[in-house]
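**Q** This is what each chain is made of:
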Amino acid sequence: MFNVTTLVHTEARDAVVAALRSAVHGVPDALIAPTLPGVRNGGDVLMHLGFHDDRDWPRVRARIDEALSTPAVTRVDSVTYRGTLVGPENPDGSVYRALFLRVAPDTPDDVVERFEADLAALPRYVSTITAWQLSRVEEATGVSDWTHVFSQRFTDLAGLTGPYLMHPIHWAYVDRWFDPECPEYIVRDRVCHSFCALPH
Amino acid sequence: MSEEVYVVDRVITKPGCAKRFVDAYLAEYAPGARQRGMTLRDVLVSPPIWFDDQVNTITVTWSLPSPQAWWEMTWQGRPDPTVAQWWADVGPWIHDRSRGVAAAAEDVDGLCDV
Chain A
-4 MFNVTTLVHT EARDAVVAAL RSAVHGVPDA LIAPTLPGVR NGGDVLMHLG FHDDRDWPRV
56 RARIDEALST PAVTRVDSVT YRGTLVGPEN PDGSVYRALF LRVAPDTPDD VVERFEADLA
116 ALPRYVSTIT AWQLSRVEEA TGVSDWTHVF SQRFTDLAGL TGPYLMHPIH WAYVDRWFDP
176 ECPEYIVRDR VCHSFCALPH
Chain B
310 MSEEVYVVDR VITKPGCAKR FVDAYLAEYA PGARQRGMTL RDVLVSPPIW FDDQVNTITV
370 TWSLPSPQAW WEMTWQGRPD PTVAQWWADV GPWIHDRSRG VAAAAEDVDG LCDV
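So the sequence lines, in the order shown, correspond to chains A and B.
FYI, the numbering for the first sequence is -4 to 195, going by the working numbering.
FYI, the numbering for the second sequence is 310 to 423, going by the working numbering.
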């Protein structure tokens, strides 16, 4: 699968949602929704698109770029990447979450691989994650040169704000890669933590 | 069940640097850590000799009342560049270090049941 996830900062979220939905007309796997309260650096509108491959992307991208070419849009962070969700074929869940992060460019490959393995371990311990995907970014735009996107489907909003944050796998294990006080610290730029409701 | 969590700094200091590291930690790092909600439990030096020709291992243990308090502590510290800068400044005295987060064995099952 070829994937695109985009976070749009705007005060005109309804208009932007409508414009993006029109722009991606015909894309079968398209999620476009306002972000929910509690995002951090996560924008006002979240868009996730899934394609079988990247052939259709340039055409769709041109329409999206046009839709976002308005003064009402103040910032766009966007990533393209490949891979598929890990989980059941039709996972449950009412909340989609995307984390954009940038691993410091001087990080050795074996350290990046350990970091990725730790992130990938997280869903094993957090039962409210119904499906997930960790991918290296192919193309990034926005405030950082994003290297990874970690997306999840959660049972509900409480499953994201409660068990995901409060399980020791997060605060006592994985978070050391994001903590400036830990020697393992490699995610030094501010991350984008964004989430929105999934359609029923 | 207690939700108390512990932050454990384990610092192997270079020969001759243990005393100055501990002094700086207590004078410069600890006040801010307390402001961020951490309670200092103990500072252990192994072996208990201020070596000038061998490494020492300093183990500092802090406590916080809950995982939520841990998040609030780290959310305060991360945007503050002086915290990371302090660790960078004492880097020349350090051979190796780690920071771990722990809990009492009897609390593990409860902390994982979220």
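Keep in mind the hints are simulated off the structure, nothing from the lab.
Positions of the beta carbon are idealized from the N, C-alpha and C atoms, including for glycine.
Treat the hints with caution; some may be incorrect.
As the list claims (entries may be wrong) - Here are some of the chain A residues that sit facing chain B, going by a computed Cβ distance under 10 Å: (1) Phe46; (2) His47; (3) Asp49; (4) Asp113; (5) Ala116; (6) Tyr120; (7) Leu160.
**Q** Each of the hints needs a verdict: does it hold here or not?
**A** Checked hints:
no., hint, in the structure
1, Phe46, "violated (36 Å)"
2, His47, "violated (37 Å)"
3, Asp49, "violated (36 Å)"
4, Asp113, "violated (14 Å)"
5, Ala116, "violated (14 Å)"
6, Tyr120, "holds (7 Å)"
7, Leu160, "holds (7 Å)"
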